[in-house]
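A.B. asks: Protein chains in written order, with this note's numbering: chain A, 1 to 263; chain B, 1001 to 1351; chain C, 2001 to 2287.
Honestly, the hints are just simulated from the structure, not real lab data. Where a beta carbon is used, it is the ideal one built from N, C-alpha and C, also for glycine. Check before you lean on any hint, since a few could be wrong.
Dumping the calculated BS3-like pairs for lysine-lysine here, alpha-carbon to alpha-carbon at most 25 Å [claimed, not checked]: (1) K1167/B x K1119/B; (2) K2179/C x K1101/B; (3) K1224/B x K1020/B; (4) K1020/B x K1071/B; (5) K1071/B x K1101/B; (6) K2179/C x K1128/B; (7) K1101/B x K1128/B; (8) K2179/C x K1071/B; (9) K2180/C x K1071/B; (10) K1224/B x K1346/B; (11) K1101/B x K2136/C; (12) K1071/B x K1028/B; (13) K1101/B x K1119/B.
Some chain B residues well away from chain C (every beta-carbon gap over 12 Å; in silico) [said to hold, decoys possible]: (14) G1051; (15) N1073; (16) D1094; (17) E1133; (18) D1158; (19) S1199; (20) L1237; (21) L1320.
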Amino acid sequence: MKTNRFWAWLTFALGAAYFIVPLLATFEFSLRMRRGTYSFDAYASVFADPYFVSSFGYSVVIGLVTIVVGVLVVVPAVYFVRLRMPWLRPFMEFITLLPLVIPALVLVYGYIRLYNSSSIIPFTGSALGTDILLTGAYVTLALPYMYRAVDNGMRTIDIGTLTEAAQIMGANQAQIIGRIILPNILVAILSGAFLTFAIVIGEFTIASLLNRPAFGPYLVGIGTNRAYEPAALAIISFIITWGAMGMINVLGRFAPRTSARTD
Amino acid sequence: MAFLDVQNLTKTFGQTTVVKGVSFAFDKGEFISLLGPSGCGKTTILRMIAGFERPTSGSIEVDGRDITHLKPNQRQLGMVFQAYALFPNLNVGDNIGFGLKIAGMPAEQRRARIDEMLKLIGLAGFDKRYPYELSGGQQQRVALARAIAPRPRMLLLDEPLSALDAKIRVSLREEIRAIQLDLGITTVFVTHDQEEALSISDRIVVMNAGNIEQLGAPHEIYNKPATRFVATFVGQLNTIEATVLDAAARTVSIDGQAATVPALPATADNGSAVSLTLRPEVLSVGARQGNDITLSGTIADVTFLGSVIRLRITLGSNLLSLDTFNDQRTAPPARGEKVTVSLASKDLLVL
Amino acid sequence: MTNTASPRRIPWDALAVAPFIIFAVMFLFLPTLGIIGAAFTDRAGSFTFDNIFGLFTDQILAAYWISIRISGASAFFGALIGLAIVLAIIRGRLPAPLRSAVMTFSGVASNFAGVPLAFAFIATLGRLGLVTIVLKFLGLDIYRSGFNLLSFWGLTLTYLYFQIPLMMLTIAPAVDGLKKEWNEAAQMLGASQFQFWRYVGLPILWPSFLGTLSLLFANAFGAIATAWALTGSNLNIVTVLLYNQIRGDALQNPGLGAALALGMIVITSLANVIYLVVAARAERWMK
Ligand SMILES: Nc1ncnc2c1ncn2[C@@H]1O[C@H](COP(=O)(O)OP(=O)(O)OP(=O)(O)O)[C@@H](O)[C@H]1O
Ligand SMILES: [Mg+2]
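Isolated chain A (complex conformation) (with noise of 0.2 Å):
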């Protein structure tokens, strides 16, 4: 038993080392732009750029409208597959496992090759159809994460009995989607929407393919251009990662608890 822990506790202390080491590293080397002392001036040089300022903003709207878009098509497929065609749901988790198998980069190739501008649907014709283009390609790119948030959320209320109570009581199926199921899986939608959020924002592949103004590139682009930047935006996406997983930790504390209560 003693012999047990102390490995468990040199694992523990090696793993740990491998995963802070590059962070205090990449923090002191943020620190290194003024010569001879340390100064956050890397940071102050990062906010001071307009380019900063509008790409970090450009993907946030597009983080949101991600989110958003996710949520419409997600939340009532998995309800009425769940409630009305369970027969649905392999085909769905078959989908929502593509994503993973298939390699952005090749999805974006594909639709580069298919919505061009001399296509029927030439999305890549005009900034605005490739911002949607854009947006649906990370819509897709967070299908698994946000399916499996809303599927968890729905297992644990029970949305059978749920629904079938709401309809005893002359409840319609907006009124049952709205102010029923909704505010029940609310922490659950949120979990995925953060981690939709972790992923789109740095997004680099997508978006320097399609050519779009986002923090990614403009990441790609700082990098070979600065030599202190690009670790005090790296130190800075560690923080937004960090925010964003945190917010998933502190709903989870919210999060309503299985229905078939045994307490």
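We have chain A already, so just place chains B and C with the ligands on it with the hints.
C.D. replies: Just chains B and C with the ligands, lined up with the frame of chain A:
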């Protein structure tokens, strides 16, 4: 010499002592139950015998050998868990053969032993099934076979029946007892179900809050409970308030009638109140030969249990339970009826 | 969507599921089918296998091979190390608050991929990185002794930063599912800890382990941002090759680009099929 000898066993978790200097000794081949309410330390004792908990102090000897500080896998004991704990990735045959394989028994001998075990538990031909393909009762029988296949020196069972439904619980406990008698294996059985303990044990250790309240054969525990705790925990118990008439002569007044009781507490003075206790089955409706005390009261409640009818009767300030046999020719008594009940004063217990 | 039988009844089910299906068709099926179609089409628009044969050049095969090696190594080591850490935390009875902190951190680290991760590793193990400098100060010049962040091992080491936590997140529920009683039952039957893990613990975890392994493989195989930010277009891995092709037709043959993409789909699907086949055999005992 005792086969299982536990001396002054104590276990402390942090601040709380959950087993407080427990000692008992049993002979080879005995079926012993540890009986007590939830949280009294039964599992902790069993786990100390198994080696999963280290005693804070005290010793455990099996067959003359001190095993207090041996690792669990060196103790050669068998254990059956409440939730079966079959290895889900192994089929029934491999589960039963696991201990044999670890012991290095050649495959052919192992095969024979597994078949023998399957026959013993009435599951011949099930060896290729996986645990999830078995019912709870079947799984627990496999767990039993797995525990006894390597011929352990002793068998430990921790509430092995409590996850099963009532019918299987009874049939499986009879099966366990039959197998135990057949193999002559010393067995320690943990339960909080008094009926279970009474029906299959050679001897019972009744525990409460980390202490032994009484140790004895089932009939001793039931008929001569040593403490009030044992009397209430094992079986049903009625309480009657009485007034001491003459402490020296052991006479008391119950509802105005004088009676002589077998014993009185040393502290009882003339005129003081005492509580007398008695089992439901020693009360009878109406007069009965040998019963010297008659009381009249009102039926407060009737529970029809099939062969037995349980009546609750108000007698002055006392509420008594009474069991009578069902009589096919007459309807059970009704609530609110006046009845007289009688009892023999020698059956009264003073605790 | 017209419903002639009862015009006032709105077909909610179909309406609700339709966007999902349309989405899947527009953003998953059609683009993938388009790629597959293009891989078998020549410039004139007729069917051909030439693009597929065109993949068998030294440069392209080498790119696939390096990608497979990096993904395989980062998935394999990520899975092993991730499992070891999870076992240490859950089975090694480390304090409970530590456990939840580690799991939260894993959620963050598994999403800390892409460009910022590359920056972090440049600041750590690049030529001017802190660890490089400290090690040099201690007398070990890692770049002299052959290390390079822009190499196979450098990239693998970087990928592990998101592979390990992803493994931890996906395998933790399975490790939690290992009942304490299984270990105790094995001990009572005379088994050592090693024997318990050999015959019971690891076989039970095996299907989840394989599943996560294939997920990690696909995850690394399709990744480009980290590699791109680390090395620019210099590294010859298949995603970088494809990226350059999409950007500017670097292979000077659109059909070949599609074939390259198809090859990637085939490889990640294969990883999944291998998992499904092996897991089906390992999972006989499951419901
Ligand atoms: N590892 C532990 N750490 C702290 N306290 C413990 C531990 N194990 C048991 N206890 C406490 O010791 C007491 C006795 O526990 P034990 O499991 O022996 O009871 P039991 O008689 O088997 O009860 P039950 O019938 O519910 O199984 C309980 O109050 C329990 O909370
Ligand atoms: Mg217990």
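A.B. asks: Each hint should be assessed against the structure and marked as holding or not.
C.D. replies: Hint by hint, here is what the structure shows:
1. Straight-line distance between C-alpha atoms of K1167/B and K1119/B comes to about 22 Å, which keeps the hinted pair within the 25 Å bound.
2. Between K2179/C and K1101/B the CA atoms are separated by roughly 21 Å; this keeps the pair inside 25 Å, and the hint holds.
3. Restraint check for K1224/B and K1020/B: satisfied, since their Cα atoms lie roughly 24 Å apart, inside the 25 Å limit.
4. Between K1020/B and K1071/B, the direct Cα distance comes to roughly 23 Å. Compliance with the 25 Å bound is thereby established for this hinted pair.
5. The straight-line distance between the Cα atoms of K1071/B and K1101/B is roughly 19 Å, inside the 25 Å bound, and the hint therefore holds.
6. Our distance criterion of 25 Å between C-alpha atoms is met by K2179/C and K1128/B, whose separation comes to about 23 Å.
7. Of the pairs offered as hints, the one joining K1101/B and K1128/B holds, with about 17 Å between alpha carbons and a cut-off of 25 Å not exceeded.
8. With a CA separation close to 20 Å, the supplied pair K2179/C and K1071/B stays within the 25 Å bound.
9. Proposed proximity of K2180/C and K1071/B is supported: the alpha carbons are some 16 Å apart, at most 25 Å.
10. Among the hinted pairs, K1224/B with K1346/B is consistent with the structure: their alpha-carbon atoms are about 13 Å apart, no more than 25 Å.
11. Of the supplied pair hints, the one linking K1101/B and K2136/C is violated, its CA atoms being roughly 54 Å apart against a limit of 25 Å.
12. Restraint check for K1071/B and K1028/B: the C-alpha separation of about 22 Å stays at or below 25 Å, so the hint holds.
13. The suggested pairing of K1101/B with K1119/B holds, with an alpha-carbon distance near 19 Å, which does not exceed 25 Å.
14. Separation of G1051/B from chain C is inadequate, the least Cβ-Cβ distance of about 8 Å not exceeding the 12 Å criterion.
15. Distance check on N1073/B: its Cβ comes as close as 5 Å (rounded) to a Cβ of chain C, failing to clear the 12 Å threshold; non-interface status is violated.
16. Against chain C, the non-interface label of D1094/B is violated: not every CB pair exceeds 12 Å, the least being about 9 Å.
17. The non-interface label for E1133/B is inconsistent with chain C: the shortest C-beta to C-beta separation is roughly 9 Å, within 12 Å.
18. The non-interface label for D1158/B is inconsistent with chain C: the shortest C-beta to C-beta separation is roughly 10 Å, within 12 Å.
19. Against the 12 Å criterion, S1199/B stays outside the reach of chain C, whose nearest CB is about 26 Å from its own CB.
20. The claim that L1237/B is not at the interface with chain C holds, since no C-beta of that chain comes within 12 Å of its own (minimum 36 Å).
21. The beta carbon of L1320/B sits about 44 Å from the closest Cβ of chain C, which is more than 12 Å, so the claim that it is off the interface holds.
Checked against the numbered hints listed earlier, the structure breaks hints 11, 14, 15, 16, 17 and 18; every other hint is satisfied.
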